[in-house]
Amino acid sequence: MLLNSKDFLEIKQLTVPEIELILSTAESLKEISQRDIKKVPTLRGKTIINLFYEVSTRTRTSFEIAGKRMSADVVNISTNSSSVLKGEGLKDTACNLEAMKPDIIVIRHPAPGAPHMLASLLDCSVINAGDGAHEHPTQAMLDLLTIREKKGDIAGLQVAIVGDITHSRVARSNIWALTKMGAKVTVVGPKTLIPPYIEQLGVSVSYRLAEVIPKADVLMILRIQLERQHGGFFPSLREYSKLFGLNLEKLKAAKTDVLIMHPGPINRGVELDPEVADGPYSVILEQVTNGLAVRMALIYLLLGGVDI
Amino acid sequence: MDKAAVDKALEHISRQIIQQHKGIDNLGLVGIRTKGRYLAQLIASRIKQHQGVELPVGTIDTSLYRDDVSVTPNRPILCTTQVPFAVADKKVILVDDVLYTGRTIRAALDALMDLGRSRAIELAVLIDRGHRELPIKADYVGCEIPTTVDETIKLIIDEGLKHYKVVKLKDPTAKKW
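Chains A and B, in that order, are what the protein sequence lines are. Residue -19 is where the first sequence starts when you use our numbering, and the numbers rise one by one after that. Residue 30 is where the second sequence starts when you use our numbering, and the numbers rise one by one after that.
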């Protein structure tokens, strides 16, 4: 069984069987990272380029290690040390990179749709590692894997996504992923950070965290993206933290088997108190471990099995 | 091959393993994918009947070690490699249902070596159908069935290990690995 497309651009276009294929492949690949020799020869002779126009620790490292554990050659390009500084445009950069015959280009870009443009332009596979406020599909896949591991089944779960929904690609990808898999999603945040008409994506909306906590099976806390908060969407970080930050006190009302998730990096003391982030309900580091497995699965499924 | 014939072949393999190893110290069975594991479990239970010792049984998936990853359009969904004993310094017997080109066994050898340096590796197969493409030979063979390349041999077995049989199918679409 294979994916339907040469690229992995967004959750929106994925079918449920494709999502399940990626998840079960990732589950099988997790074992490799627990071996003494953490490497399999599967993708020997394949080349992956990580092209990151935004900063990243987790995602870029995760893609790099994923490629290396599968024996692919991985090259990293960050824009602050490349010809992008000389004014080279995205299209030129991409075409020049493709001239070196990579098999996959992983791109993160501040402009929504940038990976889609590359995908239509290039013959190699393109993976979206985050495009503006549009989607971050591998994050949603690793979140699904983590929830499935902990809860068994995703269908029927109550998932609350808390924070800046407007600017969050993680929220957008997760809304698509979770609703496709049959979870009930509620988005929570200040009115200024919840886009109008978001209900059309099949989610419910709440402006009060306290009324959502008791019924949630999963609390997915988003990062307040300090770099995108110049519009005065809320009076102060202190006020946001008081109303929408998760602390031990608010968590008392939660279910006893609630999962606390966060895509990272955490603003400790803003959206998540340290006692909660490091507490027993938190699966934040398991999300990172699963991120590696999901990315190994994706490059395996995209690179293997091209019908010749 | 009906169930009785498969049982007879498995009995043959089990007795040969016991004879060859003069007892069964330091031995482990590793099945290739799901069907290999089922057969390894059946062999282990027979050896337990004869010797009173339960051999450890593991599973490996060879998909990640194949030489045709980017050539094959249809690949099976990966199953987890799970070997619950340390292979280092153990004698490992690989178990598979059908030995054909030998390419799966080549991949399995690589996969097994990544898990540690075993003392020795042997191969047990239920059926040898010929047409080898690599210099690989089984140490224990349940039964030899002559075939042509446009046929496939399939072991049909259920999870409970209660019902099993081997069938030969004419498969004109069977692509050679």
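Hints may be right or wrong, so weigh each one.
[Said to hold, decoys possible] The calculated BS3-like cross-link candidates involving lysine-lysine, where the alpha carbons are at most 27 Å apart (straight line), are: (1) B:Lys32 <-> B:Lys64; (2) A:Lys71 <-> A:Lys18; (3) A:Lys19 <-> B:Lys32; (4) B:Lys64 <-> A:Lys19; (5) A:Lys195 <-> A:Lys230; (6) B:Lys64 <-> A:Lys10; (7) B:Lys120 <-> A:Lys18; (8) A:Lys18 <-> B:Lys32.
Simulated from the structure, these hints should not be mistaken for laboratory data.
Comparing the hints with the structure gives:
1. B:Lys32 <-> B:Lys64: This hinted pair holds, its Cα atoms lying about 15 Å apart.
2. A:Lys71 <-> A:Lys18: 36 Å, violated
3. A:Lys19 <-> B:Lys32: 40 Å, violated
4. B:Lys64 <-> A:Lys19: 25 Å, holds
5. A:Lys195 <-> A:Lys230: 13 Å, holds
6. B:Lys64 <-> A:Lys10: 22 Å, holds
7. B:Lys120 <-> A:Lys18: 23 Å, holds
8. A:Lys18 <-> B:Lys32: 40 Å, violated
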